[in-house]
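Please put together the full structure from these sequences, using the hints given.
Counting with the working numbering, you get residues 6 to 471 for the letters of the sequence shown.
Check before you lean on any hint, since a few could be wrong.
Cβ pair distances, simulated, as ranges [as the list claims (entries may be wrong)]: (1) Pro451 to Gly103: 31 to 37 angstroms; (2) Arg237 to Ser8: 55 to 61 angstroms; (3) Asn26 to Ser352: 16 to 22 angstroms; (4) Thr419 to Pro374: 19 to 25 angstroms; (5) Leu415 to Gly233: 44 to 50 angstroms.
Heads up, simulated EDC-like pairs for lysine to aspartate or glutamate below, C-alpha to C-alpha not over 20 angstroms straight-line [as the list claims (entries may be wrong)]: (6) Lys167 to Asp307; (7) Lys94 to Asp348; (8) Lys107 to Asp61.
Hint data in this document are derived by calculation from the structure and do not stem from the laboratory. For each residue, glycine too, the CB sits at the ideal point set by N, CA and C.
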Amino acid sequence: MSSTDLVVVVPGITGSTLTHNGKPVWEPSAGALLGAIRTFGRSLKQLQLPTGIGDDHPDDGVEAVAIMPDLHSIPGLWSPVDGYSVLLKRLEVMRLAGKIGKLLSFPYDWRLSNRYNGQRLADLVGDELGQWRDSDPSRNDAQLVLVCHSMGGLIARWYIEKCGGAEVTRKLVTLGTPHRGAAKTIDQLINGVRRTLGPLSVDLTSFARSLPSSYQLLPDYACIDRSGSLHRLDEINMPGLDTAMLADSNRFYRDLAAAEAARPASMETTHVIVGTRQSTSTTVRLTSNGVEVLSTIGGDNDYGDATVPMAGAIKEGLPMDTPFISRVVDRHGHLQDNPYVLDEIESVITAVPVKRRAGGSVPIRVNTPELVVLGEPVTVTVDIELGEDQPVPAVQIELEPESSLKTTRLVRRTPTIRGRHLETTFHPEAPGAYQLRVTGTAPGSPVTPVGAAILVWQTETNAPSS
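In structure tokens form, the structure reads like this:
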């Protein structure tokens, strides 16, 4: 690793702010996620993409402006994500310490295809790297280090393999990237958004179905459970999915895999960090009115990060127990904030061992809804993985509202213990976004901390009267 390298952060889907003709349409400010979703909903007609858009830009006046610093989520499109301020701050500290040369963010229009955004990434970093090298003779050998969360890793892979990035990329670090897709996307595209969101649910579902990026998150692995045997999406008639967009998604994965197979060095420069031990949609079963989501594959539960299953997190051709990935017990939207992950990123970038903070010796599995309607309880369950003679460690669960909910305070609970299964229930008093944290009760606890985000929605029927 050269200390003059240019580090580029590429966020996941929904992780960039968007404007339409200069006016913000997707820009959650700190503590204002609910309002941002409603603003986004009012702009859906302008944001929905035309049929057959492919790898083009619709020239509709939509532009990406910045990376999301805080919690963001669009119901029915992807999981809530905590934002990238913690990751960017850690990388900025490294820059100030002289461990990296320059730090750059790549916001992009996440509605569009990964091929389109891969080329946009090429255009941006080509100019930036050239200027950076020319600015000082000591930087002549500077290269790129790409740090990517979720779908951002797919964009970076396309840039590296298909847009000339291999020649100037020293390392690719991916966090929770669905390298072979995620079954959750099938559920979102076919079953759609919860009806309790009112008219917005229909609009959000139609919007999601218009996006090439959504289709390029569909599983590339055999994920359709049919009478006990597994089939790929292109082998089964899938009601509700656009045939042409599905075929295009398959080509995207096939072309990417073929390019990487032809360049063995891609394996040497890629560092994959995945979330594990969380219940995760892995396969689906067709029903009379949609799909039923299963957390197993071939009868086994390989878990994942609650969004991306292990079957989708590992690149094609690698066994499930491959040593080429780092496993962290946490959920998808919290990986980029996880202290162990941040230490791992620094170690990979600098090629110098970093004293990693202990991640805990007792893995936990946290189950919680991502979306509830105001008035519904939020039930959180925790399963602890222990040896036969290990005592159950003390666990606490916190639910903290976003900063705008000034009348609602952090609530801390000690869950009810039933063997190795813990449970507690919260009753949020106000709509908005909440951060959930499950930890041990004292410093040095063996419990592996896990974080999650929950969106509490307010419908017209439970809104206060004016």
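Quick rundown of the hints versus the structure:
1. Pro451 to Gly103: 31 to 37 angstroms: 36 angstroms, holds
2. Arg237 to Ser8: 55 to 61 angstroms: At 45 angstroms between Cβs, range violated.
3. Asn26 to Ser352: 16 to 22 angstroms: 44 angstroms, violated
4. Thr419 to Pro374: 19 to 25 angstroms: Since the Cβ atoms of Thr419 and Pro374 sit about 21 angstroms apart, the hinted range of 19 to 25 angstroms holds.
5. Leu415 to Gly233: 44 to 50 angstroms: With a Cβ separation near 46 angstroms, Leu415 and Gly233 satisfy 44 to 50 angstroms, so the hint holds.
6. Lys167 to Asp307: 31 angstroms, violated
7. Lys94 to Asp348: Holds, because 13 angstroms separates the two Cα atoms, which is no more than 20 angstroms.
8. Lys107 to Asp61: Between Lys107 and Asp61 the Cα gap is close to 31 angstroms, so the pair fails against 20 angstroms, i.e. violated.
Hints 2, 3, 6, 8 from the earlier list are contradicted by this structure; the remaining hints agree with it.
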